[in-house]
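Go ahead and model the full structure; you've got the sequences and the hints to work with.
Listed in order, the protein sequences are those of chains X and W. Position 196 of the first sequence, counted from 1, bears residue number 196 in the numbering used here, the numbering being contiguous throughout. Numbers given in the numbering used here equal positions in the second sequence, counted from 1, plus 272.
Don't take each hint at face value.
As the list claims (entries may be wrong) - The following residues of chain X were derived to be distant from chain W, with all beta-carbon distances above 12 Å:
#, residue
1, Glu25
2, Val29
3, Glu116
4, Pro154
5, Glu196
6, Asp204
7, Lys224
Claimed, not checked - Just the calculated beta-carbon pair ranges, DEER-fashion:
#, chain 1, residue 1, chain 2, residue 2, range
8, X, Arg97, W, Glu370, 19 to 29 Å
9, X, Glu214, W, Pro347, 57 to 67 Å
10, W, Asp530, X, Asp204, 52 to 62 Å
11, W, Ile452, X, Arg120, 53 to 63 Å
Note that these hints are calculated values from the structure, not bench results. C-beta atoms are modelled at their ideal positions from N, C-alpha and C, and glycine is treated no differently.
Take a look at the letters that make up each chain.
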Amino acid sequence: MSPETKPDFLISPEGLRVDGRRPDELRPVELKVGVLKQADGSASIRQGKTYIIAGVYGPRELHPRHLALNDRAFLRVVYRMATFSVPDRKRPAPSRREKEISMVIANALSPALFLEEFPRAVVDVFIQVIQADGGTRCASINAASLALADAGIPMRSLVPSVAVGKADGVLVVDLGDEEDKYGEGDVPMAILPPTEEITLLQQDGFFTRDELLEAMQMGISSCKYLHELQKEALKKAYVKKTPDGEEGDVDEDEFDDDLETDLGESDMMEDE
Amino acid sequence: MGDFSSQTISHIDREFIAELLGKGERLDGRAFNEYRDIQIEANVVPAKAEGSAMVQLGDTSVVAGVKVLVGEPYPDSPDEGVIMVTAEMSPIASPLFELGPPKEDAIELARIVDRGVRESQMVDAKALCIEEGKKVYMVFADVYPLEYDGNLIDASSIAVNVALLTTKFPEMKLEEKELIATGEIKSLPVTNIAVEHTVVKIGKHLILDPVLKEEFVQDCRLTMAIDEKDNFTALQKGGGTGAMSLSLIEEAMDMALDAGKIIREKIDASVKAIK
Numbered sequence: 001m002s003p004e005t006k007p008d009f010l011i012s013p014e015g016l017r018v019d020g021r022r023p024d025e026l027r028p029v030e031l032k033v034g035v036l037k038q039a040d041g042s043a044s045i046r047q048g049k050t051y052i053i054a055g056v057y058g059p060r061e062l063h064p065r066h067l068a069l070n071d072r073a074f075l076r077v078v079y080r081m082a083t084f085s086v087p088d089r090k091r092p093a094p095s096r097r098e099k100e101i102s103m104v105i106a107n108a109l110s111p112a113l114f115l116e117e118f119p120r121a122v123v124d125v126f127i128q129v130i131q132a133d134g135g136t137r138c139a140s141i142n143a144a145s146l147a148l149a150d151a152g153i154p155m156r157s158l159v160p161s162v163a164v165g166k167a168d169g170v171l172v173v174d175l176g177d178e179e180d181k182y183g184e185g186d187v188p189m190a191i192l193p194p195t196e197e198i199t200l201l202q203q204d205g206f207f208t209r210d211e212l213l214e215a216m217q218m219g220i221s222s223c224k225y226l227h228e229l230q231k232e233a234l235k236k237a238y239v240k241k242t243p244d245g246e247e248g249d250v251d252e253d254e255f256d257d258d259l260e261t262d263l264g265e266s267d268m269m270e271d272e
Numbered sequence: 273m274g275d276f277s278s279q280t281i282s283h284i285d286r287e288f289i290a291e292l293l294g295k296g297e298r299l300d301g302r303a304f305n306e307y308r309d310i311q312i313e314a315n316v317v318p319a320k321a322e323g324s325a326m327v328q329l330g331d332t333s334v335v336a337g338v339k340v341l342v343g344e345p346y347p348d349s350p351d352e353g354v355i356m357v358t359a360e361m362s363p364i365a366s367p368l369f370e371l372g373p374p375k376e377d378a379i380e381l382a383r384i385v386d387r388g389v390r391e392s393q394m395v396d397a398k399a400l401c402i403e404e405g406k407k408v409y410m411v412f413a414d415v416y417p418l419e420y421d422g423n424l425i426d427a428s429s430i431a432v433n434v435a436l437l438t439t440k441f442p443e444m445k446l447e448e449k450e451l452i453a454t455g456e457i458k459s460l461p462v463t464n465i466a467v468e469h470t471v472v473k474i475g476k477h478l479i480l481d482p483v484l485k486e487e488f489v490q491d492c493r494l495t496m497a498i499d500e501k502d503n504f505t506a507l508q509k510g511g512g513t514g515a516m517s518l519s520l521i522e523e524a525m526d527m528a529l530d531a532g533k534i535i536r537e538k539i540d541a542s543v544k545a546i547k
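Printed below as a string of structure tokens:
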């Protein structure tokens, strides 16, 4: 019931977006690995106001058995939105949209996985959208890929994903909810970073040939950046902790921050 | 959550739990009448839900969200709003949960938590009426377990309570058959708080807030909703076919009454934390 209104413009006269971002700027992304204790692997993502948790079980015995594949594991992805994750309450039963998105996410992830290692088994990926604010299928892929790694499923690489779109004629990455609703188009995509091959590609709206090619280039660049964030999140969960446990975590955080902010300043100091 | 008494559990575990209980001990070192560590965070879905909460009860965690919509009242209660609790057992929460439409256990969970809210008259349904017979507020509280290590009922009950207590929604009015926002932001008309407490029977012992392994070997459970004035507002015996004597039920009731005070304080603190 949160009322939503169309903004006056999607790109300001200064060339900035509704939320103040530059066209090629992602929303703040926070990735966490190992957030659920029961699941074999798990990860959460906060991307802007979007908040999603992914849990992985398996490889394990597949029920019902008739779905089993003789030469590889079945990758079963279930993408579900919480009823309260959207402005109007979503009906609890799985929608056609949720089923399609589950399928395209599975297709985006499976080229990265060595599923042939586990014939007749299943790898289950459960994705729960807690708060949806645009870009949920891409955010889901980012989190699910980390959850698969956390579960120890052998993989060629992580799979980063982002949506590129068009707002007021300008190509923009990582669409927010308003840009998604009122913009002129949307190209969600996912890549395998080592080869830059594309594993998810959908599009709606109006794009010329050149725009579409440029959008995909922008998407690849953003995915590569997201891939770095994914690797960092994974390392953070698995880097050896100091004997006193928690303190080691804190130190690491501070170290990362110092590294980013201090570089420029220390250079200046030397000049002086 | 449901009846896992037929679930495979090793004889070693089964005997070990029984042996410990005989010595007055539990698997995780708690007293029989003690809850696990509880973490409550309100307003975890601030941009889309009108109210929300994440609750961690040991290694069990749930998220609950409230949506407030406007709809038509039921014909038999034209001047009352609608309050409904639902729960989904997403397989993300446990390897024991299977995919598919809600099964008995999910429906029982939702209905128990729903009765806790409804029977305590927690929310004044008459105050949720916009115009009699035409428009009322419909309040949906939906629960999603994220990690299941026993006692989903109590965790869900706490989460639903906190989500309802922190719900904020835009006031609407009917003007010439058009629904318009008045610009006011309202809280729900909460008149009572009832929280559910689950005690399980294993042999001749009663324990509060079972972990999963304890649920595996339980004879049955008794869930009690207790309000601010220590009234019992809902009971549910379930989780197996075991029988309970009146004296054991009395003991369980006293356990729940003591625990209720502590849990209500934690709920109050989490609600105050966001105000």
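Here's how the hints hold up against the structure:
Consistency note on Glu25 of chain X: stated as away from chain W, and its beta-carbon is indeed over 12 Å from all of that chain's, at 20 Å minimum. Remark: the non-interface label on Val29 of chain X is consistent with the geometry, its nearest Cβ contact in chain W lying 16 Å away (cut-off 12 Å). With a minimum CB-CB distance of about 24 Å to chain W, Glu116 of chain X clears the 12 Å threshold, and the non-interface call stands. Here Pro154 of chain X stays apart from chain W, with its beta-carbon at least about 20 Å from theirs, past the 12 Å limit.
Once the 12 Å rule is applied to beta carbons, Glu196 of chain X is consistent with being away from chain W; the minimum gap is 31 Å. Residue-level check passed: Asp204 of chain X sits 23 Å from the nearest beta carbon of chain W, beyond 12 Å. Annotated as non-interface, Lys224 of chain X keeps its C-beta farther than 12 Å from every C-beta of chain W; the closest such distance is 28 Å. About 23 Å separates the C-beta atoms of Arg97 of chain X and Glu370 of chain W, a value consistent with the hinted range of 19 to 29 Å.
Against the hinted window of 57 to 67 Å, the Cβ-Cβ separation of Glu214 of chain X and Pro347 of chain W comes to about 58 Å, which satisfies the hint. The hinted range of 52 to 62 Å is satisfied by Asp530 of chain W and Asp204 of chain X, whose Cβ atoms lie roughly 58 Å apart. A hinted range of 53 to 63 Å for the beta carbons of Ile452 of chain W and Arg120 of chain X is consistent with their spacing of about 59 Å.
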